[in-house]
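In our numbering, the protein residues as written are 4 to 298.
Just so you know, the hints here were simulated from the structure itself, not pulled from any lab data.
Even glycine gets a Cβ: it sits at the ideal position worked out from N, Cα and C.
One thing to keep in mind: the hints can contain errors.
Claimed, not checked - With a cut-off of at most 35 Å between alpha-carbon atoms, the simulated DSBU-like pairs for lysine-lysine come out as follows: (1) 169 - 205; (2) 125 - 263; (3) 169 - 263; (4) 280 - 248; (5) 264 - 169; (6) 248 - 260; (7) 263 - 210; (8) 125 - 169; (9) 125 - 147; (10) 263 - 289; (11) 213 - 280; (12) 280 - 263; (13) 169 - 213; (14) 213 - 147; (15) 280 - 264; (16) 289 - 264; (17) 248 - 125; (18) 264 - 210; (19) 280 - 147; (20) 205 - 264; (21) 289 - 169; (22) 264 - 248; (23) 289 - 205; (24) 147 - 248.
What the hints assert, rightly or not - Here are the computed distance ranges between Cβ atoms for each label pair: (25) 125 - 184: 17 to 25 Å; (26) 244 - 140: 51 to 59 Å; (27) 129 - 169: 37 to 45 Å; (28) 127 - 221: 38 to 46 Å.
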Amino acid sequence: MSPVIKARPAQAAYSKLEHRQEEELFEYAQWTRKESRKLDDRSGVLERNHELAGRLAGQVEAGIQDGATTGEVYKLAFKLLAENDTPSATRFGLKLAIMRLGPTGFPFEKYVSEILREHGYKTSINQYLDGMCVEHEVDVIAEKDGLRYMIECKYHNQGGFTTGLKEALYTWARYQDLCEAGQEFHCAWIFTNTKCSTTAIKYGDGKGMKFTSWGHPPGESLQELIESDCLYPITILRTVTEDMKNRLADHGIMLVKDLKKLAPERLSNVTGRPARKLEPLLNELKEITLEKQKD
4 MSPVIKARPA
14 QAAYSKLEHR
24 QEEELFEYAQ
34 WTRKESRKLD
44 DRSGVLERNH
54 ELAGRLAGQV
64 EAGIQDGATT
74 GEVYKLAFKL
84 LAENDTPSAT
94 RFGLKLAIMR
104 LGPTGFPFEK
114 YVSEILREHG
124 YKTSINQYLD
134 GMCVEHEVDV
144 IAEKDGLRYM
154 IECKYHNQGG
164 FTTGLKEALY
174 TWARYQDLCE
184 AGQEFHCAWI
194 FTNTKCSTTA
204 IKYGDGKGMK
214 FTSWGHPPGE
224 SLQELIESDC
234 LYPITILRTV
244 TEDMKNRLAD
254 HGIMLVKDLK
264 KLAPERLSNV
274 TGRPARKLEP
284 LLNELKEITL
294 EKQKD
């Protein structure tokens, strides 16, 4: 029997959040159908059971009532996937895992830096640079193929938010101020873990800006950059606590693939925990197989 999330008091008007919830449910249904077509390549556990994805989508819809937040939608979907013991649970948990990087945006900036490094960029984070008018803190500076990018990271630790025109406008203004002061940048780039509005993207296209968000651009969206090289964040692991996350981040360990390389003794030193208390994490790491996704 599917768990049911209780409805909150009815609202007087159809809210933007409710509209966003419907969009997220539709997105989940699309995702599960897409996954069902890829089971041959990705899920040995399911053994070609193409009915599971559709059944789970139905259970999510049945378990969600009016007033549920986007986060609750994703938590329920992940719970149902995990109960079926499928590798797809890890992939679907990616969006929630990135939201767990918070509450501040600093860990996300570190994570973006690591993603770009794995894709061949030279990066630095949280640099203070003089503009023509004021000093600016640049979240990430990335360099590749002779080009230097000023990256603004927009992080949200819950769903339902969009990076819009306002963010595009002030990112472009900061970029211009830095360039006018002689800072050598070739492009302004916005990275976000949610979505960008069509207006923001239209404005950015006109200015030559880059956007990397959830679902955009096709082929190089945030989740595709992550999945193409298995760059999953440490927060995708259910046994990683808030304190462990912070300690690992302080040591520059943001990726599961890097965490898997640590010897138990080193892991104990980094997390400040005795080996016996790390057994759940070590067991979860053993169970995870990082394989590049196939189309």
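Evaluated hints:
1. 169 - 205: Since the Cα atoms of residue 169 and residue 205 sit roughly 13 Å apart, the hinted pair holds (cutoff 35 Å).
2. 125 - 263: Roughly 23 Å between the alpha carbons, so the hint for residue 125 and residue 263 holds.
3. 169 - 263: 40 Å, violated
4. 280 - 248: At roughly 15 Å apart (the allowed maximum being 35 Å), residue 248 and residue 280 satisfy the hint.
5. 264 - 169: It is violated: about 41 Å lies between the C-alpha atoms, which goes past 35 Å.
6. 248 - 260: 15 Å, holds
7. 263 - 210: 41 Å, violated
8. 125 - 169: OK: residue 125 and residue 169 at ~28 Å, within 35 Å.
9. 125 - 147: 7 Å, holds
10. 263 - 289: 8 Å, holds
11. 213 - 280: 44 Å, violated
12. 280 - 263: 17 Å, holds
13. 169 - 213: Roughly 15 Å separates the two Cα atoms, so the pair holds.
14. 213 - 147: Cα-Cα ~14 Å, so holds.
15. 280 - 264: Holds: residue 280 and residue 264 sit about 18 Å apart, inside 35 Å.
16. 289 - 264: Roughly 11 Å between the alpha carbons, so the hint for residue 289 and residue 264 holds.
17. 248 - 125: 24 Å, holds
18. 264 - 210: 42 Å, violated
19. 280 - 147: Judged against 35 Å, a Cα distance of about 42 Å means the pair is violated.
20. 205 - 264: 42 Å, violated
21. 289 - 169: Status violated; Cα separation ~44 Å.
22. 264 - 248: 16 Å, holds
23. 289 - 205: Violated - the C-alpha atoms of residue 205 and residue 289 are around 44 Å apart, more than 35 Å.
24. 147 - 248: Roughly 29 Å separates the two Cα atoms, so the pair holds.
25. 125 - 184: 17 to 25 Å: With a Cβ separation near 22 Å, residue 125 and residue 184 satisfy 17 to 25 Å, so the hint holds.
26. 244 - 140: 51 to 59 Å: 29 Å, violated
27. 129 - 169: 37 to 45 Å: About 22 Å separates the Cβ atoms of residue 129 and residue 169, which means 37 to 45 Å is violated.
28. 127 - 221: 38 to 46 Å: Since residue 127 and residue 221 have Cβ atoms about 29 Å apart, the given range 38 to 46 Å is violated.
Checked against the numbered hints above, the structure violates hints 3, 5, 7, 11, 18, 19, 20, 21, 23, 26, 27 and 28; every other hint is satisfied.
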